[in-house]
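There are 2 protein chains.
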Amino acid sequence: MELYNRDARRAALWEKHQPRLEEARSAWHRRTYWFAYPEDPRAYPEAWASQGESDFKAQLNRPFDRLRQPGRRWVLSDEVSPYTQQSLGLSYPQSDVGEWIETAREALSVWRWVPWTERLGLLMESVERFSRRFFEVAHATMHTTGQAWMMAFQASGPHAADRAVEALAVAYEELSHIPYHVRWQKDLGKVQAVVEKYFTPQPEGLSLHIGVSTFPVWNVLPGLYASLAVGSSVLLKPHPRAIYPIAVVVSILQELFEEYGLPPTIVQLTVDTFREPVTKALAEHPWIRLIDYTGGNEFGRYLESLPGKITFLEKAGVNGVLLESVEDLEAVAKNLAFSASLYSGQMCTAPQNVYVPRSGVKTPQGTLSYEEVRSALTRAIEELAGHPKAAPAILGALQNDQVAERIQRLAAQAIVHRSPASYTHPQYTQARTLTPVVAEAPAPDAAWAQEEHFGPRLVVVPVQDAQEGLERLYQLARQKGMLSCAVYTIDPAFKRHAARLLSEAAVPVSFNFRGQVFINQSVAFSDFHGTGGNPASNASFTDSAFVVKRFRWVGLRDCLAG
Amino acid sequence: MELYNRDARRAALWEKHQPRLEEARSAWHRRTYWFAYPEDPRAYPEAWASQGESDFKAQLNRPFDRLRQPGRRWVLSDEVSPYTQQSLGLSYPQSDVGEWIETAREALSVWRWVPWTERLGLLMESVERFSRRFFEVAHATMHTTGQAWMMAFQASGPHAADRAVEALAVAYEELSHIPYHVRWQKDLGKVQAVVEKYFTPQPEGLSLHIGVSTFPVWNVLPGLYASLAVGSSVLLKPHPRAIYPIAVVVSILQELFEEYGLPPTIVQLTVDTFREPVTKALAEHPWIRLIDYTGGNEFGRYLESLPGKITFLEKAGVNGVLLESVEDLEAVAKNLAFSASLYSGQMCTAPQNVYVPRSGVKTPQGTLSYEEVRSALTRAIEELAGHPKAAPAILGALQNDQVAERIQRLAAQAIVHRSPASYTHPQYTQARTLTPVVAEAPAPDAAWAQEEHFGPRLVVVPVQDAQEGLERLYQLARQKGMLSCAVYTIDPAFKRHAARLLSEAAVPVSFNFRGQVFINQSVAFSDFHGTGGNPASNASFTDSAFVVKRFRWVGLRDCLAG
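Chains as they are written, first to last, in this note's numbering: chain A, 1 to 562; chain B, 1 to 562.
Among the hints, a few may not be true.
What the hints assert, rightly or not - FRET-style restraints, in silico, Cβ to Cβ:
1. A:D55 - B:V194: 37 to 45 angstroms
2. A:I415 - B:M1: 30 to 38 angstroms
3. A:P388 - B:E2: 46 to 54 angstroms
4. A:T429 - B:M1: 34 to 42 angstroms
5. A:E451 - B:M1: 31 to 39 angstroms
6. B:G296 - A:L3: 27 to 35 angstroms
7. B:N5 - A:Q18: 19 to 27 angstroms
8. B:S176 - A:L3: 58 to 66 angstroms
Since the hints were derived computationally from the structure, they do not count as laboratory data.
From a predicted model like this one, the values you see are computed outputs, not experimental measurements.
All C-beta atoms in this analysis are idealised placements derived from N, C-alpha and C, irrespective of residue type, glycine included.
Here chain A stands alone, though its shape is the one from the complex:
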């Protein structure tokens, strides 16, 4: 019995991409350094770079007319460049919630019966086509998120593409576990039972993917590709301030689906504005079964509370650092200053609370006092923020005004060792910039030190000794969650103790990061992003759970003899 609608052209795409996906799957298992797309812009043809820039410029102040989905009206988006503080002037087609859902259901009825091999072939092809658009998407990312150029290129380009391929690799692993067809035979004595069995992975239902303004591509692609891989059709609801970068990805997918005889609406862009949001109406719709989301805690808790939904949430945590002992304090301070400054601290993995023992931090040369450590951290931030080339390249710009307001509020509550202040961007004089505050908590249980202050900040938190610091980290991890956590120690016994305790809180600890290795970075095919096991997230890029929760094996049995 043939349950699927098979197609030779799509099957050929699977033939084309299977070897590469096999490689990716091995890399996911092996977890040593591997990538699908190089992170250095110079690795790509020069023509792609110039084409990307001109495509970006040509798109500004125009309707985004590359989508292949029904639209009832064009809406002007809320996208404003954090560098120029000018509207991008883009408009997108918009429908009504009921129509989007109905269109997605129709597409689902086709997509679920495309064999998963063909689906993976198409999706790998889409990533390859996306790679030719990395430069346009980088410009679009820079001018929606405020990221500096290099980060915009890497995060929305090769790093996001790698996470997409990783999600496909895990889907390949899991979908290939069970065969489509098998003949089962059992000797029943007088007779031989013969049963033909068919196993099809069935998607849980329609998927809604809710984007975030700071990483509109990187945080969306893993869930998007995982849902598509298992046969779900997808509504992609970008953040109103960061639509353009992901709209390019959607248009590539839609074009490809159409080219291969499928409804382009297997993925739809569901754009809204601040004035007329649609996210809740989509999320609450009974046909929406899977929800992927990156963003604040309040909305995350609302999504979690919706009955009958399967959620993949990355919310906020309070990332912590503990200094027990160090080899070289200056190197550590420099490393942490970079991590706190990168994209003005607007990363879910940026460090916030640095627990420093009042009893001091041990080094091979003797113990450094609490005050010496605090000064070193302040100095390192100061140096970076004051560097005319480093500041724009590392800090970039603030995504929105609320970030600056939040950091000013933090400064008003804390003991301030370095005030937050703008820097002047050499190229964009109107850029919305802010260098980090270095704040100090009076005591580790200060209420505001238990909350995330998303933005450029480092909070020094005094503890009696390293053991208290470790317990504070553990409690913070269990109660508030963390997406990153750093411990500095040159004592092997303390390291093992910390490793075990923090693992029990499902926190991914980074020990002794220094030089050019930063805790903000989580690398596809090697690091899991989020564990899913502490309050900061209930999902992980990309473990098996991230894929298998999206579909169900359905077995059919056809009795030929009994």
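Fit chain B to the known structure of chain A by using the hints.
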């Protein structure tokens, strides 16, 4: 860095059992006929059979003193034999909820740091030791559930053990995906970054497993072994009327853990009584994170509504059968009569609603009328129920009085073609027995035909034609859920149409089951039990999701050079 507490004796157990588990894992992938433990009692030493019987007799009317866990008091259980209607006279040690949880947390802190290889070795060993107790557990099952002897032996013995090994095989698959330790290196130009990475699977937390009175071992073992495999410690809350069979399994595990230097309380039996239930207090306890449950819908919905829990629920559905066309009606009627009668219909996979077209059922010899089909079904039930040897061997006894009351209520609402009545058991004159009712619904939308009537019953439901029947099946599956579903058709186009539609409702369809192949049976290593995708269950024995939702990968990074 060594995070685990390793032990050479436990590692030797892994060496011993790994080849067999490897075989089991291949079988799970292959899905052809395979078993770990033979289902024929004669495959086991005669001495085990007689020992089992005498152990059972010696245990009656005595405290169950084989557990190695703290107890504050002995409680007399509510267990009553459905065959003799006498109390088994067993008592069990009981603690308080707070103490059970505290003990489980202590055990968790040890068990999670036993390497998963050692855990799997221990758990495979425990199944092997359990196999020597199959006969005692079979007697205990018969006299708590009311199952006939052969079913009691198979369901609580080899079939349950196979499902345990299956859960361990899936855990082996998933836990071996990611290495414990890897050295990650990346050329950063001037320097070489070197990061040691450690990945440990961390259990989501403590597990609670809530047993059911009809299958106290079979329905519990998959979740129990899956939770233990990922390093969770476990509270096992049996149904108050069916404790003894699973208590034997717990005692085997506890003895083994102690023998290998571990806390026996990694698994605890948390016994309660009807007068003083503890299930809700356990389920609501904040330290309980995972809940496995088999039972009614109302309690299932309550468990699902508890915030912050990960649930694996098998609730009730309304299993449906559709007769479109048949090769041989008598053979089909006989097969369905057996499925409806087996264990007096007290199986979650027993058929209930049989949709029969008023336009008749096609056969190669012509069309049979609706009335002919209904009569054939009634006759087949009558023959089986009236057969002096078949009735006791197939029907067994009713687990409790509510089953009979429920079937009498059903009969009062329906058009009755065969009244439910007791049969006399040749060996146990006091046995609580009931043969199936054959009921008819006036129309497919009769409210009572949308509800499950757990017990010996077959409900004939008239539909205009096969297409309406298929739509009714689909709607019933989506709204009420099904754990089994049968379609009879000799038309290949109708078969494919039905296969695709019902797959979309995540219902496991069985086509044309006849002879000795019954829809009630789901076979480990080949059939998934439940899809988890329709309202009857949110979990499946045993797919990847059944295991991976219980743990989280936590990655540690130790920077050696940057």
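Verification of the supplied hints:
no.: 1; hint: A:D55 - B:V194: 37 to 45 angstroms; in the structure: 40 angstroms, holds
no.: 2; hint: A:I415 - B:M1: 30 to 38 angstroms; in the structure: 36 angstroms, holds
no.: 3; hint: A:P388 - B:E2: 46 to 54 angstroms; in the structure: 48 angstroms, holds
no.: 4; hint: A:T429 - B:M1: 34 to 42 angstroms; in the structure: 50 angstroms, violated
no.: 5; hint: A:E451 - B:M1: 31 to 39 angstroms; in the structure: 32 angstroms, holds
no.: 6; hint: B:G296 - A:L3: 27 to 35 angstroms; in the structure: 34 angstroms, holds
no.: 7; hint: B:N5 - A:Q18: 19 to 27 angstroms; in the structure: 42 angstroms, violated
no.: 8; hint: B:S176 - A:L3: 58 to 66 angstroms; in the structure: 31 angstroms, violated
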